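Undergrad: Protein chains in written order, with our numbering: chain A, 1 to 416; chain B, 1 to 225.
Simulated from the structure, these hints should not be mistaken for laboratory data.
On a predicted model such as this, the values are computed, not experimentally measured, just so you know.
Cβ coordinates follow ideal geometry from the N, Cα and C atoms, glycine included.
Please note: incorrect hints may appear among the correct ones.
Said to hold, decoys possible - Counterexamples of contact, computed for chain A against chain B with all Cβ distances above 12 Å:
hint	residue
1	F9
2	K15
3	E175
4	Y250
5	P254
6	A288
7	L335
8	L392
Stated by the list, open to error - Pairwise CB distance ranges (calculated):
hint	chain 1	residue 1	chain 2	residue 2	range
9	A	G354	B	N120	37 to 47 Å
10	B	S65	A	T348	37 to 47 Å
11	B	T129	A	S378	47 to 57 Å
12	B	T129	A	F394	37 to 47 Å
13	B	D165	A	G387	16 to 26 Å
14	A	T348	B	V16	48 to 58 Å
15	B	V16	A	K15	34 to 44 Å
The lines below spell out each chain.
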Amino acid sequence: MNLTLPRFFLREFRKRRKKTALITFALFWGTLCVLILLAFGRGMSAQSRVAFSGLGENLIMISGGQSSIVHGGLAKGRLIRVYPNDIEDLKKRIPEIAVIAPESYNGWPVSARGKELNRTVHGTTPEFAGLRTQIPQPGGRFINADDEAEGRKVAFIGWKVAADFFGGEEAVGKEIIVNRVPFTVIGVLQKKIQNSMYQGPDADQVYLPFSAFSQIDSQPYLDRIHVQPRELGLSKLVEERIRTVLGRKYRFDPADRYALGIWNTIDNAREQEKIFKRIEIFLGVIGALTLFIGAVGVTNLMYAVVRERTQEIGIKMAVGARRRTIVLQFILETLFIFAKGTFWGFITAFNIVGLVRLIPLSEEGFGIGAYLLRPVFSMDIFFIFLGIVGTLVFLAGIFPATRASRLNPIEALRYE
Amino acid sequence: MSKAETIIELRGIKKVYQMGGHALEALSGVSLEIGRGEFVSVMGPSGSGKSTLMNIIGCLDTPTSGEYYLEGKNVAGLTFDQLSSIRNQKLGFVFQNFNLLTYATAWENVEVPLLFNGKNARRRRQRITELLEAVGLLDWKEHRPSELSGGEQQRIALARALANDPPILLADEPTGNLDSKSGEDIMGLLGGLWKEGRTIVMVTHDDRIAAHSERTIRLFDGQVA
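Chain A with its partners taken away, still in its complex shape (with noise of 0.2 Å):
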């Protein structure tokens, strides 16, 4: 391909580019605003959906209820509550269930180094850890099957309450006293941040072997079970069948929505994550209009500008230029325009996105900035965005180049 005509169009709009320099910032400024809001848009859904992991991820949790329903004779009314050889029942009887765990827990008094604080103690399995997201920090382990069978008198601890008892010292291997007995610590968790709780955030509780915990707690039934279907999609099954194994032993109606409290998170989740696409595509809408408006502009200089030139393509024709010399002429300039611009509007947009990632989040909870400061910078919105505006811009320069080559040359040597 000869190069020689491109090479002299790109170096007359490097001449000129003065004169294109606001083009290209709209361009430039467009890029980045639409770029920006949407990787917040993009952000916030992503981090919705971290913070509900935070809590666990497709997760059922069954505690105990009231029924409300008269049912095989019994009256209605009866407190109905799961008990630990529900774990294993559930786990025969419903095949959909992945992983099931059993949770007790009580407000106790946790002392270490002669510092005495009120906190919430759970009994549970080694199988919480993954469905809660309990990642313990490195150096430590959660409970595991052997503290478990073997009833250890183990702990692991939220971050906080690590840093509440040793303030930055390892706290592995350290000894607490829960409700006057001791406990070694074996695993602190690692920092998350979790936006849906029952007892306050995971950071503030302690954790038991449930085998443990039975032995200084006096309470016989289960606070909650907690269920993770094989797949997303069994959900709504395995909560029904959950109704019916336990309406059976317990004697409710399955159909009674009191007999049992299922918080099923799958659920939520997905409302959640609903709220904040809507909320993207609202961004989405926005960006889409201040495009629009981007472009009108755009258009509007890239029109003026092939006009102010009507003369100088008249003296090109004058001198031997083709129509589709003019015409190509114009398409590079205005693709140099639209490669510098979103060039420029692309870095900036990439390095204000990396730069507000860096910004720290405080672990207090999951506030407004949780959602805000981490906005996530995705290629395909960037591609998309390339297309539309592109065409645009594209447009915007085509039109009046080809009108201009259509001149007679005298026409266009006359043009004032």
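Position chain B relative to chain A; hints supplied.
TA: Frame of chain A; chain B shown alone:
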């Protein structure tokens, strides 16, 4: 001078402009012949159609009717791009108001027709140097039109017109915007080009300028008088 060969032949050329509602006939049936190597001046009062005639001869405009043979070939039926290549290679045009690219240097202005003719960088460089030397402006090659005098701008325009060594040079009031000294310079250059064998057609309303030519065609009300 013996007319060895006709290079430009017009037969019954008419040009009608639609101005608002009514038609304005700028040329009403012009027929003329110009031989290869002739230096012809076209004279006539304002509004006689001189410039319109030049623009048609220069393929910058198309006639409403009539036939135009350039080197024996009917130009009327040619496409825009074919006309472009005629303007590029067969015709050199010098305008009264120079029509240089204001943002480009003298060098670059002369380069444009060479670029459109697909000349490579080395040949362009060689040719531009030759041309700027011929018009005595090689030292001004990096200057823009705004940094040059009228006479210098017209010399650049002349160098551009000659870029692809066209057999025909068309000049529409080439000295119209120049002082007499610069005008004489331009006429000197045109005279030299004619002696080299180029055909020159020049529009002027100045008898002294027309005196440089071999033959004068007089136009009056869109017709050869």
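Undergrad: Would you say L392(A) is clear of chain B, with no C-beta pair closer than or equal to 12 Å?
TA: Non-interface label stands for L392(A): nearest chain B Cβ at 27 Å, farther than 12 Å.
Undergrad: According to the definition I'm using, a residue is off the interface if its beta carbon is farther than 12 Å from all beta carbons of the partner; does Y250(A) meet that for chain B?
TA: The assertion about Y250(A) holds, with a minimum of 89 Å to chain B.
Undergrad: Evaluate the condition: distance from the CB of K15(A) to the nearest CB of chain B exceeds 12 Å.
TA: At roughly 5 Å from the nearest Cβ of chain B, K15(A) sits no farther out than 12 Å, so the non-interface label is violated.
Undergrad: I want to verify a distance hint. Is the separation of the beta carbons of G354(A) and N120(B) within 37 to 47 Å?
TA: Distance hint for G354(A), N120(B) holds at roughly 46 Å.
Undergrad: Quick check: does the Cβ-Cβ distance between T348(A) and V16(B) fall within 48 to 58 Å?
TA: Between T348(A) and V16(B), where Cβ atoms are some 57 Å apart, the hint holds.
Undergrad: Could you check that no beta carbon of chain B comes within 12 Å of the beta carbon of F9(A)?
TA: Answer for F9(A): violated, closest chain B Cβ roughly 10 Å.
Undergrad: Any Cβ of chain B at or closer than 12 Å to L335(A), or is the non-interface label fine?
TA: holds, 19 Å
Undergrad: With respect to the beta-carbon atoms only, verify the hint that D165(B) and G387(A) lie 16 to 26 Å apart.
TA: Taking Cβ atoms as reference, D165(B) and G387(A) lie about 47 Å apart, which means the hint is violated.
Undergrad: Between S65(B) and T348(A), does the C-beta distance stay in 37 to 47 Å?
TA: violated, 60 Å
Undergrad: Non-interface claim for E175(A): all C-beta distances to chain B beyond 12 Å?
TA: holds, 83 Å
Undergrad: Given a hinted range of 37 to 47 Å, is it respected by the beta-carbon distance of T129(B) and F394(A)?
TA: Taking Cβ atoms as reference, T129(B) and F394(A) lie about 39 Å apart, which means the hint holds.
Undergrad: I want to verify a distance hint. Is the separation of the beta carbons of V16(B) and K15(A) within 34 to 44 Å?
TA: holds, 40 Å
Hint compliance for this structure: hints 1, 2, 10, 13 are broken, all remaining hints hold.
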